[in-house]
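Chains as they are written, first to last, in this note's numbering: chain A, 9 to 81; chain B, 945 to 1429.
Please note: incorrect hints may appear among the correct ones.
[Claimed, not checked] Now the in silico label distances, taken between C-beta atoms and shown as ranges:
#1 TYR1329(B) - PHE37(A): 21 to 31 Å
#2 THR1179(B) - ALA66(A): 36 to 46 Å
#3 VAL1305(B) - LYS12(A): 44 to 54 Å
#4 ALA66(A) - LEU1310(B): 38 to 48 Å
#5 HIS1065(B) - GLY60(A): 40 to 50 Å
#6 ASP1309(B) - PHE37(A): 28 to 38 Å
#7 PHE27(A) - TYR1120(B): 21 to 31 Å
#8 GLY988(B) - VAL23(A): 50 to 60 Å
#9 LYS12(A) - LEU1375(B): 29 to 39 Å
#10 LEU949(B) - VAL23(A): 48 to 58 Å
#11 ARG15(A) - VAL1424(B): 15 to 25 Å
#12 ASP1214(B) - LEU67(A): 17 to 27 Å
#13 PHE27(A) - GLY1157(B): 40 to 50 Å
#14 VAL23(A) - ASP1216(B): 41 to 51 Å
[Claimed, not checked] Each computed DSBU-like pair below joins lysine-lysine, with the alpha-carbon atoms no more than 35 Å apart:
#15 LYS1047(B) - LYS1303(B)
#16 LYS12(A) - LYS1047(B)
#17 LYS1213(B) - LYS1391(B)
#18 LYS1213(B) - LYS1303(B)
#19 LYS1213(B) - LYS12(A)
In short, the hints are calculated from the structure, not lab data.
All C-beta atoms, glycine included, are put in the ideal place defined by N, C-alpha and C.
So the chains spell out like this:
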Amino acid sequence: MSLKTARLLTGAYLVSAMFFVTWPGLLPFARIEPLILGLPFSMAWIAGWVAGVVIVLALLDRVERRYRDRDDG
Amino acid sequence: MERWLVVAVVITLYLAVTLTIGLLAARRSTDSVTGYVAADRSFGLLVMYFVTGASVFSAFAFLGGPGWAYSRGAAAFYILAYGALGMAPFYWLGPRIASLGRKFGYVTQAQLVTGRFPSRHLSALMALLSLVAFVPYITVQMRGAGIVIEAVTDGHVPLWLGALVAYGIVIVYVLYAGAMAVGWTNTFQGVFMVVIAWTLGLYLPYRLYGGIGPMFRQIAEARPELLVPPGLTATGEPWSWGAFSTFILVSSVGLMMWPHLFMKAYTAKDDDTLRRTVILFPTFQLFLIPVFLIGFSGVLFASQPSSPDFILPFMILETDLPALVVGLFCAGALSASMSTGDALLHASASVVVQDGIAKYVVISDLHQRRLMQAIVLLTGAVAYYFALDPDSSLVLLLASAYGIISQFAPPVVAALYWRRATTPGAVAGLLAGTLVAFFFWRMPELKPFDMHEGVIGLLVHIPVLVGISLLTPAQDSEHVEGFCA
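Working from the sequences, and respecting the hints, build out all of it.
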């Protein structure tokens, strides 16, 4: 994947996360059921977006690192 | 032995270990300003991870978080939402800031902004605004420490003494070793906070309700309004979507603009360490889940604490945990308070001296360091004074601190990414944004859609910054090249 695509996708994930944890993106998910791992749905939903940041940034880092190594080499 | 005595012994041991770590760290630091402010740019991943986590999550998260979950329900989820979003852009910003720091010798935030936008008044303005935002923040940390100690020792150690001892120790190691001590003690405190939060957050629901799911089912039956965003206000009315959403937005924008967090970029050993800290940060942040569980576990409890902020010590004392556990919990809460408090004290001194005073008077490196130590003492004393005399306007000030701090984001981003930005644009934007935020903080009834005043400030700030920049002559391209790679 090119550096530009990786950065765009990361940016898109972050913008989506902001959208889906605030009004109006959160509206359809602002409910209690079903409980996820015992947590109310909206709480698990927000926690899921937070945990996703780790994965997305780790993937971005793999691409960025490849490009940095190439620059150094 | 009586319970409060056991608790007092555990706390004393904990404080002794913290002090020892802080003083040992001093031996690893040089006497220079870079040593005091940026720990000689030496922190590795482990230290950076816990320094960042522990200084982001303060007594507000550890005591206020359960308090919000307990009294305002889903409104607390806003605290869970903003951290990772606020931190993520630092993946790119952080290494950029660090590299400019190495290149030009910067150790503070205003140095970077005024490096691009030369103006000592801009520097002094940023120092002043930082200080205004810092004092109530430190006050809350001190009060938090005092409250916890008073509660778990059954009042045998009063608030004034608890806060004085805890912060006396903080001041000693901050004075003695600066950033190096803050880093190493925060590592210890960060581990403590995370372990205590997860243990207690999982234990209480099982003990009281037989599990997390059963707990939420019972709450959903009795108080369903608590579990649906945007939750409730402090008085139990439904909270507005406008406030919930803009709290998340302004906190995300403002998070890394807090000078004590921003300056962490200068302390990292290398860029990869910084990037990995950002990547891993959300894993630290998820400790808010057990923190909220502690608060929720109190919802259906028969008796109530005197104020929602006391829910954590209250639950611990009410569930008859062994004294040793109570002591450990207390140390966890103290960790949360002290690890943010020390970073705040340290940063306020660095900022006031480097960005304020040193812009108008020439002082040597050694004298700067002495002056910073004097300011640590002074700021600590002022915050302590307010901590003993709870004034409701201080709490209001703290809620608004993000309104001020978020105004640092446009000049920082413009300094690094927008070639056409000019000094008059940056100054005018910062003034306009801060004044608008201040106006709506004083006149909350005028706020459109119940929006956070910081967001309204940004809505004015950004157009002013752009407009004035375009109306004034562009900066010399050679100068700009040094900042916008």
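| request: Provide an ascending list of the numbers of those earlier hints which the structure does not satisfy. | output: The structure conflicts with hints 1, 6, 7, 8, 13, 14 and 17, although it agrees with all the remaining ones.
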